[in-house]
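Undergrad: Chains as they are written, first to last, in this note's numbering: chain D, 1 to 222; chain R, 223 to 442.
No lab work stands behind these hints, which were simulated from the structure alone.
Take the hints with a grain of salt, since some may be wrong.
[What the hints assert, rightly or not] For the chain R half of the interface with chain D, some residues (derived, Cβ under 7 angstroms), not all of them:
no.: 1; residue: 275
no.: 2; residue: 286
no.: 3; residue: 296
no.: 4; residue: 351
[Claimed, not checked] With beta-carbon atoms standing in for the labels, derived distance ranges:
no.: 5; chain 1: D; residue 1: 134; chain 2: R; residue 2: 240; range: 32 to 38 angstroms
no.: 6; chain 1: R; residue 1: 404; chain 2: D; residue 2: 129; range: 32 to 38 angstroms
no.: 7; chain 1: D; residue 1: 38; chain 2: R; residue 2: 403; range: 57 to 63 angstroms
Quantities reported herein were computed from a predicted structural model and do not represent experimental measurements.
Ideal Cβ placement from N, Cα and C applies to all residues, glycine included.
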Amino acid sequence: MGKATTIKVANAVAAVPQGATLMIGGFMGVGSPHRLIDELVRQGKSGLTIIANDTARQGFAIGKLIGARLVRRVVTSHIGTNPETQKQMLAGELEVELVPQGTLAERIRAGGYGLGGVLTRTGVGTTVAQGKRTVEIDGNVYLLEMPLRAQFALISARRADHIGNLTYGMTARNFNPLMAMAADVVMAESREIVPVGVIAPDEVMTPAVLVDYLIARERSNG
Amino acid sequence: MDDKTLIAMRVAQELRPGDLVNLGIGLPTLVASMVPREAGIFFQSENGIVGMQATPEEGLEADDLTDAGGNPISALPGSATFDSAMSFGLIRGGHLDVTVLGGLQVDCQGRLANWMIPGSLVPGMGGAMDLVTGARRVIVAMTHTAKGKPKIVEACSLPLTSTRRVDLIVTEMAVIEPTAEGLVLKELAPDAELEAVLRATGTRLVIREPVPRMRFSAAG
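Sequences are here, hints too, so could you generate the full structure?
TA: The following block contains the structure:
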């Protein structure tokens, strides 16, 4: 809690243990924390459980973690754009839990908002319902979907201020603000970092109190 | 006109001014180009925008403005962007007027299978289950057969996307409305014969003669 600590990307990732559970923001790599992902690959953090909307494409965003065989398990809504994910899944090397996209968003929201679960009609009567409890309310049948949390959320902002208030750009917002609520430690990288006050209170999408580490920019002149 | 263009043009006739509409990937995306801008239809992309416009001008793409496939899009005046919980709240909360989705199979009760082929294609359901369960109106836009085999069948051999009955099926041969009484043949394509439609369909159709033809104005 409090304001975010500014930290170098290498030091932030060094705090992630092998086998950690990570939420990673982004949708097909748009709004994904690319510098944090690259550093996970560089430091060879393996045995990871990843919670994310998709596994992007081969060699891009979360696809880099899959390609480097750093992921043991993934909880996601879509892997169709990354043949490598499907290959590792069919070979039994990667465990994949497929979750309807709206249910994934709500399970993460539940994890971050202190809810005990989500009741939804999505998936009732399909393979998604297997092994899950159902609840009938006013004649409608709902699936009970459980909250999701992670040890770390790795998110990406368009703009951050010095204490870690965040805004996101257009469709790059997607899962980022939800994940910022649902992890023990939140690491945010941002396209730009501005002094406090540049982001007006009404514009803040993720308040700084949720952000533990703000990834420092690299000096472009070395 | 090719089959996909005909299907997209016929689906476009189902959209009403002011509708909030979500188009699935593939054939359904063609529908957007069949709708005049002045119709005031809002297209949603589930990655978090209402008011998407298909393709930006070359050189005006924005890294943070894409469709659900990660491809650059543009945004109409009046667009809104939001997070994934709100995006699916629009879908699951009954705020989405129409979704148009592709299909692999539809059964005699109008239930859709369109998200996986066990053993060969396991892309994940993405937003399909939410869309079919939550949209106020579900239109399936698909070819009538695949490799000569009917896609409208007695019982789906593929896993269902939802147990909800879809509202309309549009193919290059026919328009079919699933109802409590069965699959009602509503229209025939301009050059489709009734006998051929019945041969290409793997389950019983309810026929109330005369079955009208699809109609397309000169302007489309």
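Undergrad: If you test the structure against every hint from before, which numbers come out violated?
TA: 1, 3, 6
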